[in-house]
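Position chain B relative to chain F; hints supplied.
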Amino acid sequence: MKKAGYLKKQKEKEFIAALGAKARVYAPCLEDEAVLFKPVEPDSVICLSRPAVSSPKSAIYPQSETLFSFRFKKDSEDPRRTLVELDDTIAVPDTIIFGARPCDARGIAVIDRAFSKTETPDPYYLARRAKTTIVTLTCPEPSTGCFCTRVGCGPAETSDSDVMMTELEDGYLMEALTSKGEALLESPILEDGTAYEAQAKEAQKAAHERMIKEAGEADTTPVDPETFHSQVFWEKAAERCLGCGACTYLCPTCYCFNITDEQVVDKGERIRSWDACMFHHFTLEASGHNPRAQKALRLKNRIGHKFVYYGEKYDGIIACSGCGRCIRGCPVSMEISTIAAALKKNSGTVSGEQ
Amino acid sequence: MSSEQLIAAIKNPYLPDLATVIGAVDETPNIKSFRVVLNDEEKMKRFSFEPGQVGQLSVFGVGESTFVINSPPTRMEYLQFSAMKAGEATAALHELSLGDQIGVRAPLGNWFPYRQMKGRDILFVGGGIGLAPLRTLILFMLDTRKDYGDITIIYGARSHADLCYKKDLEDWGKRNDVELILTVDANSPGPPIREGFVPTVLNEIAPKPDHKVAITCGPPIMIKYVLQNLAQLGFKDEDVITTLEARMKCGIGLCGRCNIGSSFICKDGPVFSLAELKRLKFEI
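Chains F and B supply the protein sequences, listed in that same order. The numbering of the first sequence is the numbering used here, which starts it at 159 and goes up by one. The numbering of the second sequence is the numbering used here, which starts it at 10 and goes up by one.
The following block holds chain F by itself, in its conformation from the complex (with noise of 0.2 Å):
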C-alpha cells in the first residue's frame, strides 16, 4: 500500500519550512508578477496555482556550475616554473523539488537519460539527481500552448515523480510513488490522506480529461523522414525565428552547454553554464566553417533531437514533455507542437504558417 498523507493549505508554510531544515527546497516563487522555480527562503511566496515560466531543472542541472577549480603555484624546486593545483570536490545539498509539474518530472527524466545511460555518465549530474527528491503537483488547468497529453506525458503523470500531490478543497493528498516519496511523508505535520484517496483519483481523472479535450491523445505518428530532411521545410519553419534562444532557456529537456574558464590573478574556475543550439556561434569554428549556419538548420537540429535523435538513442522516447514553455516564451509565437505536428505529414510545409 501506498504512503499517502495529506497537507492541510493552512499547514503548507509550516511544511515547507519542515523540509526546509533538513534541505534544499526548489519551488515555484513569486517574483513581481512571474513565478519562477527557486530556492525558497524565509520570506519566498510560493505559488502553485499558475505553472512556473522557469523549469525546475536548474535544482539539479544548475545554470551554471563549476566543475573545478585551478591555481598556479610558482615551483619551489624551479623557480622559472609555474605549477597548477586542481580541485574538483564539490558540495551537493539535500534537494526537494516542490511542486513541479508533471511536464517538468518528465523534463528530468529525458535529462536523466542523456547524463547517465550513456558512455561516460556525467558524475555532477548524477551526484545532484541522487539526493533530488521530485514532489510533482497534478495539474489542475491547461495553460497556454500545453500540449503534454500529445507527447504521451499528462496533467496528472505519475511515472517521472517521488510524490504525487494533487490539490482538493482545503488540502493536497500526498502520495508516495517511491521510498524517497515515503521518507519525505515521514512528518507530523501531514494527517493520514487515505480517507482522500478517492476524491483525489477523480480530480485527477478530471484533469486528464480536461487536458484531453485541449490538446488531444498522444499523437504516436512517426515523423516523415522525407519532410524531416526537406530544406524547404525547414526554411519556412525557422523564418520567423530570432534566434533568441529563450525556448532553450525555458525548457525542461533541454541540456547543452558551454564550458568556459574564468581566472583572477593566480586562480581560477573551469565552468559548466547551459548553452542554446539555436545561437549561430554555438557550433562556429574558430576558422570560420560553421556546419549549421542556417537558422533553418538550427531549429532542425532542435526539434530533431527532441523528436528523432534521441529516440533513435533511447527506445523510440519523444524529448519533450508538451510543457508549452517554449511557446509561451517565444518572442515570435513559434510552436513547436505545430512543428512537430507538421513534421510527421508528408507535407513539406508547416500548417498555419502560410
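None of these hints come from the bench; they were simulated from the model. Keep in mind that a hint or two might mislead.
Per label pair, the in silico range of CB-to-CB distance [to be verified]:
| # | chain 1 | residue 1 | chain 2 | residue 2 | range |
| --- | --- | --- | --- | --- | --- |
| 1 | B | K245 | F | N504 | 29 to 35 Å |
| 2 | F | E375 | B | K94 | 20 to 26 Å |
| 3 | F | T224 | B | R184 | 21 to 27 Å |
Straight-line distance between alpha carbons at most 30 Å, and here's what the computed DSS-like set of lysine-lysine pairs gives [unchecked claim]:
| # | chain 1 | residue 1 | chain 2 | residue 2 |
| --- | --- | --- | --- | --- |
| 4 | F | K196 | F | K232 |
| 5 | B | K52 | F | K232 |
| 6 | B | K233 | F | K471 |
| 7 | B | K41 | F | K425 |
| 8 | F | K453 | B | K94 |
| 9 | B | K94 | F | K338 |
| 10 | F | K502 | F | K363 |
| 11 | F | K196 | F | K161 |
Ideal Cβ placement from N, Cα and C applies to all residues, glycine included.
For chain B alone, kept in the frame of chain F given last:
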C-alpha cells in the same frame, strides 16, 4: 554513499590530467606542434590510444580545444598535438614555452579501422593541417610496414611555407616504400613541385580503387571534392574514410555541439567511412 564519494567513484571525465610541454616545433607560420608528457609517470607509462583518437588540451584560464594525437601509439616518448592559430585557445597554445603546464583529456573518440586495412593498399589524401590525423596513421603504418600494401600520400597546402611536418615529408619522400605527391597552389615560391588543388591532383594521379582504402582529411571544402572525386574514380563508400572536426566542449557526447543527427563526432567519430556519413545524411 555521500555524493562527494559518488564523484570520486566515477572517473571525472571533465578533469584533465596535468601535463608538461617538453617540445615545440614551428611547422608553418601559423601551425605549431607540441610534445607533451603526463606529469603522473605511471599514468604516462600506462597511457594507450589508437591512431585517430583525439584529446582535449587545456590552457588553464583560457579554455580547452580538441586536437588529434598526431604521434603514433608506436612512439610513446611523448604525445604530439598540432594547433593552427585560429581562436583564443590556439593562440594561448602558441604562447606556451617548454616546461609549461597544460591539461590533457585523452584519448577521446574512435580511431582509424587499421585492422581491417591490413594487407590492402593505402591512399592518403590530405590538405593543410588535415595531415595531422593522417600523420598518426602514416607513422603507425610505417612502424608496422609489412602489414600493409602500397602506401601513396597526396598532400597539398596553399604554399611551400604552409606544408606541415616538413621533416616527415622529407623522410617519406626518400623512402622507396612510400609514394609521396606534394602540391601547392599556383605561384608559390619554392622548389618546383606540383601546382593545383588537392582534389584536382587526385584526379590527375587517378589511383585505381582495386584493393585500396582511401583516407582523407583537410579543410571541409577539400574533403567535399575529394570524396566526390574518389567516388568518380570508383572507390566504394566503405573504402573511403575521413576524420571530421567540429567545435567541441565536453568530448563525451553531451554538450550538444558536434552531433550529426544522433551521432557525435567527439564520441562516435571523429573517424567515419563515407558509407556511414551517407547513412547519417551528413553533408560537408
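Hint check results:
1. B:K245 <-> F:N504: 29 to 35 Å: holds, 32 Å
2. F:E375 <-> B:K94: 20 to 26 Å: Between E375 (chain F) and K94 (chain B), where Cβ atoms are some 57 Å apart, the hint is violated.
3. F:T224 <-> B:R184: 21 to 27 Å: Given range 21 to 27 Å: violated, Cβ gap about 51 Å.
4. F:K196 <-> F:K232: violated, 42 Å
5. B:K52 <-> F:K232: Since the Cα atoms of K52 (chain B) and K232 (chain F) sit roughly 24 Å apart, the hinted pair holds (cutoff 30 Å).
6. B:K233 <-> F:K471: holds, 28 Å
7. B:K41 <-> F:K425: Status holds; Cα separation ~27 Å.
8. F:K453 <-> B:K94: holds, 28 Å
9. B:K94 <-> F:K338: violated, 52 Å
10. F:K502 <-> F:K363: holds, 29 Å
11. F:K196 <-> F:K161: holds, 28 Å
In the structure shown, a violation is registered for the earlier hints numbered 2, 3, 4 and 9, in ascending order.
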